[in-house]
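K.L.:
Sequence:
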Amino acid sequence: MHDFALDARTATAALRDLFDPTPLQRNDHLSARYNAEIWLKREDLAPVRSYKIRGAVNAMRKVRETNPTQCQFVCASAGNHAQGVAYACRHFGVHGTIFMPVTTPQQKIDKTRVFGGDSIKIVLTGDYFDQTLSAAQKFCAEKGAHFLSPFDDPDVIEGQASVAVEIMEQLGYAPDMIVLPVGGGGLASGVTGFMRQVAPDTQFRFVEPLGGASLTAALASGAAVTIPKVNSFVDGAAVARLGACTFEMLKWVDPADVLLAPEDRICTTMLEMLNVEGIVLEPAGALSVDVLPSLADQISGKTVVCVTSGGNFDFERLPEVKERAQRYAGLKKYFILRMPQRPGALREFLMMLGPDDDIARFEYLKKSARNFGSVLIGIETKDADNFRHLFGNMDRAGFSFRDITADEALAEFLI
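Taken in order, the sequence shown gives residues 455 to 869; the numbers are from my numbering.
In short, the hints are calculated from the structure, not lab data. Honestly, I wouldn't trust all of these hints.
[Said to hold, decoys possible] Derived lysine to aspartate or glutamate pairs resembling EDC-like cross-links, with alpha carbons at most 20 Å apart:
1. 756 / 655
2. 562 / 774
3. 776 / 862
4. 836 / 774
5. 683 / 866
6. 776 / 866
7. 756 / 770
8. 836 / 655
[Stated by the list, open to error] Across the chosen pairs, the derived CB separations fall in these ranges:
9. 698 / 556: 42 to 52 Å
10. 655 / 850: 51 to 61 Å
11. 457 / 867: 49 to 59 Å
12. 795 / 560: 38 to 48 Å
13. 588 / 809: 51 to 61 Å
14. 556 / 809: 42 to 52 Å
15. 837 / 654: 43 to 53 Å
16. 867 / 564: 30 to 40 Å
17. 804 / 680: 46 to 56 Å
18. 626 / 836: 37 to 47 Å
19. 501 / 698: 23 to 33 Å
20. 556 / 501: 24 to 34 Å
21. 626 / 677: 50 to 60 Å
Even glycine gets a Cβ: it sits at the ideal position worked out from N, Cα and C.
Make the full structure from the sequences, and use the hints.
P.N.:
Right, dumping it as structure tokens:
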């Protein structure tokens with residue numbers, strides 16, 4: 455009989471040739487807030503700053519053991535999986551061809567090249583990932599190479615299970631709960647597959663980005679399905695379709711244990727972890743911490759492990775993260791104001807602003823109106839309640855305005 459736990463331990467032992475276990479750290483800040491023992495499994499501190507190296511190395515090791523002449527590997531990825539495969543190729547002395555979308559940020563391309571060196575070739579093709587994947591699979595078939603899936607592969611899942619093996623070794627006992635981010639489901643499948651065998655009393659909570667809820671959709675349908683639209687902000691977990699292998703290992707999950715994290719709220723968590731703890735997390739890496747407020751009544755007095763799955767964050771995105779966090783917290787709003795075209799109207803509006811209100815954007819959208827002109831205004835403040843006072847003042851003065859902060863289409867076009 456197939457012994458998943460034994461295979462996971464074997465995979466973990468093989469990883470020690472490459473890197474030490476990632477830290478399992480008790481977080482005092484979160485523990486005090488939730489009256490619980492909150493531990494962070496710091497996959498953001500792995501050699502490629504994500505757990506993806508585990509599955510890539512394990513899958514490549516097993517292919518090489520069964521077919522030592524296989525020296526050609528292929529993957530399609532815009533981020534962490536590409537870096538894991540590149541690292542594995544250099545370790546095993548094989549050649550990898552890594553397909554990435556043309557739109558991949560240069561920082562990710564450069565990091566992948568650093569990890570792979572002369573062992574890899576990077577091919578930029580396709581504006582969208584589906585096009586990139588298709589090109590990679592076609593190339594793979596033509597060259598007789600082995601395709602390394604980012605998650606839908608039993609050997610990749612087995613490699614990701616090493617996260618759970620380390621948690622048990624480092625903690626010394628089974629935690630009450632493990633909180634896991636979900637994209638394609640490889641990490642969640644591996645960790646739960648191991649823990650359900652060795653520590654059946656441990657509970658799990660799963661977190662998906664609101665704009666990429668592929669596990670939620672699969673559980674509702676009873677099979678992996680493609681969700682029609684994906685918000686790509688949480689790029690490490692924004693997957694349109696759960697894997698067939700991963701769904702098979704996760705179909706037991708109670709939908710009530712799957713939580714959805716709004717993209718803008720994740721930004722507040724990223725900033726808090728950076729500012730308070732000095733921990734750099736990518737959006738997917740912050741998912742498990744982001745849902746702790748929703749679990750507060752369930753985790754009090756318990757031992758909880760949150761897997762921080764990755765820290766590949768491009769700081770050029772920091773202004774966007776701050777913007778999203780402010781909007782989620784109600785500290786920044788955008789609205790279109792119909793400004794009366796008369797002397798003193800602008801001054802009248804400015805006098806309505808409170809001492810903590812700052813104008814972040816001010817742009818006339820229409821200057822030819824006879825009686826009114828439309829103005830796009832962005833306001834930042836220190837207390838969300840300040841907007842209630844501002845909008846009340848505007849209503850009483852007869853200023854017509856429309857709050858477009860939550861209007862995704864308008865906000866994307868204008869802001």
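K.L.:
Starting from the range 49 to 59 Å, see whether the pair residue 457 and residue 867 falls in it by beta-carbon distance.
P.N.:
Hint holds: Cβ distance 55 Å, inside 49 to 59 Å.
K.L.:
Check the hint pairing residue 776 with residue 862 against an upper bound of 20 Å on the C-alpha distance.
P.N.:
Distance ~17 Å between residue 776 and residue 862 Cα, so the pair holds.
K.L.:
Cβ-Cβ distance between residue 556 and residue 809: within 42 to 52 Å?
P.N.:
holds, 48 Å
K.L.:
Keeping to a limit of 20 Å between CA atoms, is the pair of residue 836 and residue 774 held or broken?
P.N.:
holds, 18 Å
K.L.:
Assess, step by step, whether the Cα of residue 683 is no farther than 20 Å from the Cα of residue 866, and give holds or violated.
P.N.:
holds, 16 Å
K.L.:
With 51 to 61 Å as the target window, see if residue 588 and residue 809 comply at their CB atoms.
P.N.:
holds, 57 Å
K.L.:
Is the straight-line distance between the alpha-carbon of residue 836 and that of residue 655 20 Å or less?
P.N.:
violated, 44 Å
K.L.:
Does the Cβ pair residue 501, residue 698 satisfy 23 to 33 Å?
P.N.:
Since the Cβ atoms of residue 501 and residue 698 sit about 29 Å apart, the hinted range of 23 to 33 Å holds.
K.L.:
Take a quick look at whether residue 756 and residue 770 sit within 20 Å of each other, Cα to Cα.
P.N.:
Violated - the C-alpha atoms of residue 770 and residue 756 are around 38 Å apart, more than 20 Å.
K.L.:
When you take the CB atoms of residue 837 and residue 654, is the distance between them in 43 to 53 Å?
P.N.:
holds, 48 Å
K.L.:
Quick check on a hinted range of 50 to 60 Å for residue 626 and residue 677, using CB atoms only.
P.N.:
violated, 39 Å
K.L.:
Holds or violated: residue 562 with residue 774, Cα cutoff 20 Å?
P.N.:
It holds: about 18 Å lies between the C-alpha atoms, which stays within 20 Å.
Taken one by one, the earlier hints fail for this structure at numbers 7, 8, 9, 21, listed in ascending order.
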